[in-house]
Each structure stands twice: as C-alpha cells, then as structure tokens.
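Student: So you can see what is in the structure, the chains are spelled out below.
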Amino acid sequence: MAAILHIRDLTKQFGGLTAVDAVSFGVPEGGIVGLIGPNGAGKTTIFNLITGVYRPTSGSIEFGDRSIVGLEPFRIADMGITRTFQNIRLFKNLSVFDNVLTACHLNANYSFADAILRLPRFRAQEKGLMAKAENLLGIMGLLGYKDLIANNLPYGLQRRLEIVRALALNPTLLLLDEPAAGMNPDETEQLMRLIVRIRDDFKLSVLVIEHHMDLIMGVCEHIIVLNFGEKIAEGSADEVSKNPQVIEAYLGTSGEAANA
Amino acid sequence: MDWTYIQGILMLAGINMIAVLGLSLLTGFTGLFSFGHAGFMAIGAYVGAWISASPASTPAGLGLPFILAIVGGGAAAGAVSYFIGRISLNLKGDYFCIATLGFGEAIRLIFNNVNRFGGARGWPGVPSKSTFLAILIADIVAVLFLANLVKSRHGRNMIAVREEELAAQIAGINVFKYKMISLIISAVYAGVAGVFFAHYMTFIQPKMFSLTKSTELTIIVIFGGLGSISGSVLGALVLTALPEVLRAFEIWRLVFYGAAVILIMVSRPKGLMGGMELTPSGIRKVAAERKALREAKAKLLAETPGGEGD
Chain W
13 MAAILHIRDL TKQFGGLTAV DAVSFGVPEG GIVGLIGPNG AGKTTIFNLI
63 TGVYRPTSGS IEFGDRSIVG LEPFRIADMG ITRTFQNIRL FKNLSVFDNV
113 LTACHLNANY SFADAILRLP RFRAQEKGLM AKAENLLGIM GLLGYKDLIA
163 NNLPYGLQRR LEIVRALALN PTLLLLDEPA AGMNPDETEQ LMRLIVRIRD
213 DFKLSVLVIE HHMDLIMGVC EHIIVLNFGE KIAEGSADEV SKNPQVIEAY
263 LGTSGEAANA
Chain U
9 MDWTYIQGIL MLAGINMIAV LGLSLLTGFT GLFSFGHAGF MAIGAYVGAW
59 ISASPASTPA GLGLPFILAI VGGGAAAGAV SYFIGRISLN LKGDYFCIAT
109 LGFGEAIRLI FNNVNRFGGA RGWPGVPSKS TFLAILIADI VAVLFLANLV
159 KSRHGRNMIA VREEELAAQI AGINVFKYKM ISLIISAVYA GVAGVFFAHY
209 MTFIQPKMFS LTKSTELTII VIFGGLGSIS GSVLGALVLT ALPEVLRAFE
259 IWRLVFYGAA VILIMVSRPK GLMGGMELTP SGIRKVAAER KALREAKAKL
309 LAETPGGEGD
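In order, the protein sequences belong to chains W and U.
Residue 178 in this note's numbering sits at position 166 of the first sequence; the count goes up by one each step and never skips.
Residue 187 in this note's numbering sits at position 179 of the second sequence; the count goes up by one each step and never skips.
No wet-lab data here; the hints were simulated from the structure.
Take the hints with a grain of salt, since some may be wrong.
Partial selection, computed: residues in chain W whose CB lies under 8 Å from chain U [claimed, not checked]:
# : residue
1 : K104
2 : S107
3 : L118
4 : R130
5 : T184
Using N, Cα and C, we set each Cβ at its ideal position, and we do this for glycine too.
Just need the whole structure built from these sequences, with the hints factored in.
Tutor: Okay, here's the thing in structure tokens:
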C-alpha cells in the first residue's frame, strides 16, 4: 500500500534535550497506525512536528509527495492533516453545533464583502456549512446535544466532539492524541469501533497515540514503539508485544523488576 | 433638562459607540485586549480635521467635504494599525496589550510635539460637522457591518481564535490573518469615531486621547459584556450618560462612577449582556442552550445508578 505520510530521520532538539531522535516511519493510505511508548518518549512531539506546531531540527516529513516541513499549522490543516489533543482543546464557550460549524469553514470560500452585504453566495454557502455540520453531528451521534455549550458536555463526549470537529475539515490523515484517556473500558470499546468506522466511512488514515493497550492491540494494523525519542520497534501487535526491547522499555529489565 | 442637552449626550454616546463597537470586535470577539485605541482615535481626529478644516485657519487644512474626512480618518487609522499589527500581533496575550499601551502614548506624544497640527495647544478650527443624524447613520452602519461580520465564517474564525488559539490553527484558521483583520477593522472604527469627535468638539488637543480614554473604551466593552454587540451598544449609552447623570454629586462624581461600574461588574461578572445578543435569534439561541443543559443534566441523572433508568 502506498504511504500517505513519510517521516525520515526526524529529529527535534529542545536545547540540549533530544526529544525525537532520527525517527523514521510511514503511515499507509487507509491504515490505522499506533504510536506507543512510555511517558516522555516523544510521541506528542512527533504530532506537533507533523502538524507544524514545532519545526523539526532535521529530517523530512512528506505528506502525499509534498514536503510539509516549515509550513504553518493552518496550511497543513488545509492540506488534509488534522488532529485532536491530549488535553481536550474545544472552543469551550461555544455550542456543540458552533464548534463543528466553525471547523467547517474550509468548505466555503465566500469573501468578507459577501458576508457583510449578505450576498447570495454567502447565503447559499452558509446553508451548505450548516447542513454539513448537522450531518456530521448526526453520523457521530451528537445531534441530540447540538445546542449544549461544549464545556457542559460529559467528558467522553467532549473527546468525541473533538474528533467530529477534526472531521469537519475533510482530513485524509487524522492524528489522535490519547483519545481514550480518562475513559472507562466500556467507553474505550465504543471508541475503538468508532475509529474503525471513521476510517472506513471517511476514507482516511489514522495515526493514534494511546496508552490503553487493548485499544492499540485491537485496532492498529501497525505499531511503532518509541522510547527516549528513539524508535525501538515496529510491526504488528503480535510482533511488538513479543519484542524484548519493548517489554524492557515498559516493564524495566529483570534486574530492576527484582529490586522493585 | 432640555433636548439640546440630551441630544449632546446622545451624540457623545454615539461617537463613543463607534469606537467601542470596533474594540468589541478586537477584544470581545477575537480576544485581544488593547489599551491604545485612543491612539487610533487621535489619528482619525487629526487626519479628519486636516482634511476638512479651512485652508485659511491656523493650523491650515485642506477644506474638503466632511465625508472625505471620515474616509480619510478611518483609512489613516487602519493603515497605521496594519504596521502596528505586523510588529506586535505575534506577541502573546499580555505582551500585545502592553505594546498597544505604548503605541497609544507614543501617538499622543507625537501630536503633542508636532506644531504643524497645533502641538499641545491643540487645533481650534475644526468645522462643526458632526450632526445628530450623521452620527446615528454611522452607528447603524457600524452595528450592521459588525453583526453581519460576526455571523459569518470570518466572524466564527475570530471567535475560534479567542476561544482556543492552538485549536484554531489546527482547524485550518490563519490565526495571524484574522487577528490582523480584526485589529484593522477596530482601528478604522476608532479612527472614524475620532473624526466625528473632532467635528463635534470643533477643538482637539492631544491630551483628549490619553491612556484614560483608551481605558474608558475597554471598560465599556467589558462592562457591556465580551462577545456581545448589544452589550457594547448598551454599555456605550449607559457609561457615557452616567457621569452626566451623576453631575449632582459634583466633585464626588467620578467616585460614584467608579463605584457604579464595580457594583455592576460584581453583580454581573460577565458584563451587562455577557455574550448574549438582544435580538430574536440571540434570545432563541440562549433559550436553546439553557434547554439543552437542562436535558443533558436530566439524562445524566437518569443514567447514574440509583436514579430512574430510561
């Protein structure tokens, strides 16, 4: 399968600290790839590098066949990469509907003059945006909450709303940063089904950071393991879980385990 | 109280309202605080005065029609704001605020020292052109422009910047561009307000555009409620009229003014309107939000063990 995202020798240093050290991997088109590793392994930093929040110290990131290194975050979003955040970042004081409607903006191109003079182009496109937002909320089962202020939404649904907001941008690559954080096993189970459904229905690729191993093992076709900024293993769930280096990174060496 | 007196207060409130509406877009909808908008008012006032004052007066003007003064004053303030924005909009939150404060004071000091425009003694020859009708029309245009802007994708993008800048970036919003547009529009509003102010007072002086004036504008926006156009309109009317109503207290007037503002902010921390709009659709929206909250709470209670199952 052709890779939609290609990362080669990606390195990010913060002063003397190397947060990401010469990491290379790819995300195949239509694939669900898991990015795992202990806290501080550099997972979120990689997300920040892909989405343009940080600039890499060296290395390349190619999306499709274009390099996206050095582009501003909004341009990268425009090209079709979007993400959710580890600590939820919704437009808290806006309604659920307005959160999604705002993110739908790339589907319209009416100008300031169209908006201020309320020209036909504004009316037609605005109607389209509303319909799209409503449709997305319907598909994702949030329509019943559409008038609720996002901040008042139960936690699990806030995470789901963040995913809906990301989908409003018509992404081809969706980055999920610990989508199951703080969820109970039941909610995690639902989320797993949701991720697979999104991939199939919206025809996109997913890169997911997660600590819930059931989720990673359950939905990811390919897993990349990081430790201290370096890639230590990569492969299917089975391969990765049997890799001695991975076991060591997560559980410590047998010597440490005996001391504990 | 005769009509001329009331009309005078209303005109002053209407002039303030123009500046406040612009600042409302910047502060209330885009989330950027400014303590320098009196500077943009000053630019509008001086450029406007220069365009419309008679060539025979001292300082000499161009003697052109009032409408050109409005356009010129607004455009000059907008142009200056573009350069200010280029250098300061990359600064984070509070630092931008400090930069605007410095800008406002710098503008005042520049006019204080430029003798061509009358220096600290001021400019006495500004024609009296700000009529009640002209101010009313300007206010209506200002409100409609802003309301239509805010309820469009462009306005929503600005609100997204206010709510969560990083998420706005990731949602494909060019944060810098929208901050810049918001700043320019707010500066044009302040500039136009300055033109009307100059042609209402018929005399302008740099000290009219001090930090106190900038603060007054920001207080009105917060008092009216961030993110509410109706709040800014009400705020401008109430807070411009209040010092006049309090004239009976003579030297204690400003103490009562301060106390009144504090009292209202304590009882309504989100300002008079607090994000609500006094329009049919605005009221419907708030009603829908309250209903949704009630329903969500009921649903949550029904789902918790021990509650009634659904």
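Student: Among all the numbered hints in the text so far, which are the ones the structure does not match?
Tutor: Hint check: 5 fails alone, others pass.
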